[in-house]
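If you read the sequences in order, they're chains W and F. Be aware that the first sequence starts at 1, since it is given in full-length UniProt numbering, and climbs by one per residue. Be aware that the second sequence starts at 1, since it is given in full-length UniProt numbering, and climbs by one per residue.
Since the hints were derived computationally from the structure, they do not count as laboratory data. Just so you know, these numbers come straight off a predicted model, no measurement behind them. It cannot be assumed that every hint is accurate.
Which copy is meant is left open, because identical chains are indistinguishable; a pair holds if it fits in one copy or across any two.
[To be verified] Calculated cross-link-like contacts (lysine-lysine; reagent style BS3-like; alpha-carbon spacing at most 27 Å):
#1 Lys128 - Lys185
#2 Lys36 - Lys49
#3 Lys49 - Lys146
#4 Lys185 - Lys146
#5 Lys36 - Lys146
#6 Lys128 - Lys36
#7 Lys36 - Lys185
2 protein chains.
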Amino acid sequence: MAQSDTVDRILDAAEELFADRGFSETSLRMITSKAKVNLAAVNYHFGSKNALIHAVFARFLTPFSATLETAFDELEERCDGEPPTLNQTLWALTESAVRMPQRTDKGISIFMRLLGLAYTQSQGHLRKFLEQEYSEPFSRFMRLLKEATPQLSAVDRYWRIQFMLGATAFTMSSSDALRDILQNKLGVETTVQEIAARLVPFLAAGMQAEDTMLVPAFSQAPVA
Amino acid sequence: MAQSDTVDRILDAAEELFADRGFSETSLRMITSKAKVNLAAVNYHFGSKNALIHAVFARFLTPFSATLETAFDELEERCDGEPPTLNQTLWALTESAVRMPQRTDKGISIFMRLLGLAYTQSQGHLRKFLEQEYSEPFSRFMRLLKEATPQLSAVDRYWRIQFMLGATAFTMSSSDALRDILQNKLGVETTVQEIAARLVPFLAAGMQAEDTMLVPAFSQAPVA
DNA sequence: GTCTGTTTGAAACATACGTTTGAGACACTA
DNA sequence: TAGTGTCTCAAACGTATGTTTCAAACAGAC
Chain W
1 MAQSDTVDRI LDAAEELFAD RGFSETSLRM ITSKAKVNLA AVNYHFGSKN
51 ALIHAVFARF LTPFSATLET AFDELEERCD GEPPTLNQTL WALTESAVRM
101 PQRTDKGISI FMRLLGLAYT QSQGHLRKFL EQEYSEPFSR FMRLLKEATP
151 QLSAVDRYWR IQFMLGATAF TMSSSDALRD ILQNKLGVET TVQEIAARLV
201 PFLAAGMQAE DTMLVPAFSQ APVA
Chain F
1 MAQSDTVDRI LDAAEELFAD RGFSETSLRM ITSKAKVNLA AVNYHFGSKN
51 ALIHAVFARF LTPFSATLET AFDELEERCD GEPPTLNQTL WALTESAVRM
101 PQRTDKGISI FMRLLGLAYT QSQGHLRKFL EQEYSEPFSR FMRLLKEATP
151 QLSAVDRYWR IQFMLGATAF TMSSSDALRD ILQNKLGVET TVQEIAARLV
201 PFLAAGMQAE DTMLVPAFSQ APVA
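Full structure from sequences and hints, please.
Encoded structure:
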């Protein structure tokens, strides 16, 4: 075979192990033994562990960002000049994520968990890589959010976007563990789709909350 | 000196480094050199790196959980039988966090970031430790949330609590960086208290969102 | 069949880690 | 002053990591 499947086997194994255990906690030896390839193959094909991490992200982020672009295109076309609503924008994003062609049944869950890790684990090289590779769909999403919430001040919008990112990244990055807890406590099975279906209304409601009306001053009798 | 300050120097350094870089990415050698103590002092005073992690959490979580208990006591007393509202409950928590006596100016931010890490990084030993040491204030908070949102199903409430935790932990953990960005972009100064004042309404609105009404079915025409 | 560039294999490399050791310094009691 | 328990220090231990090496195996072209 001209291009062996070693590369894909490594990517598959790395993707799953990274999602399970994080980056630093996953060694190349774990990856290569799970992938049943030689240890040296990683450095031969990718150059370094960091480059492997980049490759894992690129493999699903590149098609995702393409899907997202067309979803936004369709949305804006359908809205015909009018700015899309907040719900529409959030759903366009969610749909694009959920609909991505998955390699395995765990696909979407791994995808989300990796995105969460990317935000959470402070791997400088990863953040730099993602920023310079995928800045365009990101800033387009930001622009849509801005147009969908004209009532918000720039400062309010800024913070609420952070809150949304936080809720999403955090939940997704630990979604497996959370699902397990729910399974044990309440005996409920949950899919990533259902989590997303619960998350979006939460985010939309938070985003559109009436402004800070009943905020007690700090350092006085507070919760009156 | 009978009880040296080595222990505190180690705790201070570890706390800050953990918050900056995570647990696995922070070596004992980094900690001891930042604390200007000998490498062996960690294992002498704490026994192991994991035990040091526990100690770091215990140092701020124990007083915090005490503060929180009294805040909840006061709240329930003031409500006189009636269950406190969601806003009151969230504010009681926020107040307790903000009012905690801080060792440094970074105090509250480190506090939050560590909590986020505890949830995010899949350190099994940490989760076990926190669960068995601080389960009581946690489940009390959960009970208050439950009584304040009787309209939610258990599953809905579970996930929305996760969303709240995520938005909070994520925002607070990077609040320094976010504040700086805001300062540069919009020329706005922001305090942690103000962030909290924006966060709580966001969370309350998300928590009380109308249930997933306009959720399009996946794998059909989505964003109509 | 022979050659050439690509890919694999087992082993080693250098480095960093958490932990342990044992000798020394120090403060305190008797 | 002698003795005791507490703490610090430099050094080492064993292990695991990412990376490199170099010979062997393999593919396809001539």
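Against the structure, the hints come out as follows:
1. In this assembly of identical chains, the alpha carbons of lysine 128 and lysine 185 lie at most 27 Å apart only when taken from different copies (17 Å versus 40 Å within one copy).
2. For the identical chains of this complex, lysine 36 and lysine 49 are intra-copy neighbours only, at 17 Å inside a copy versus 32 Å across copies, given an alpha-carbon limit of 27 Å.
3. Proximity of lysine 49 and lysine 146 under a CA criterion of 27 Å is satisfied in neither setting, with 37 Å inside one chain copy and 45 Å between copies.
4. In the homo-oligomer, the alpha carbons of lysine 185 and lysine 146 lie at most 27 Å apart only across protomers (15 Å), although the nearest pairing inside one protomer, at 39 Å, exceeds that limit.
5. In this assembly of identical chains, the alpha carbons of lysine 36 and lysine 146 never lie at most 27 Å apart, being 47 Å within a copy and 48 Å across copies at closest.
6. In this assembly of identical chains, lysine 128 and lysine 36 lie within 27 Å of each other by CA distance neither inside one copy nor across copies; the values are 31 Å within and 32 Å between.
7. For the homomeric pair lysine 36 and lysine 185, neither the shortest alpha-carbon distance inside one copy (37 Å) nor that between copies (46 Å) is at most 27 Å.
In terms of the numbered hints stated before, the structure departs from hints 3, 5, 6 and 7, listed from lowest to highest.
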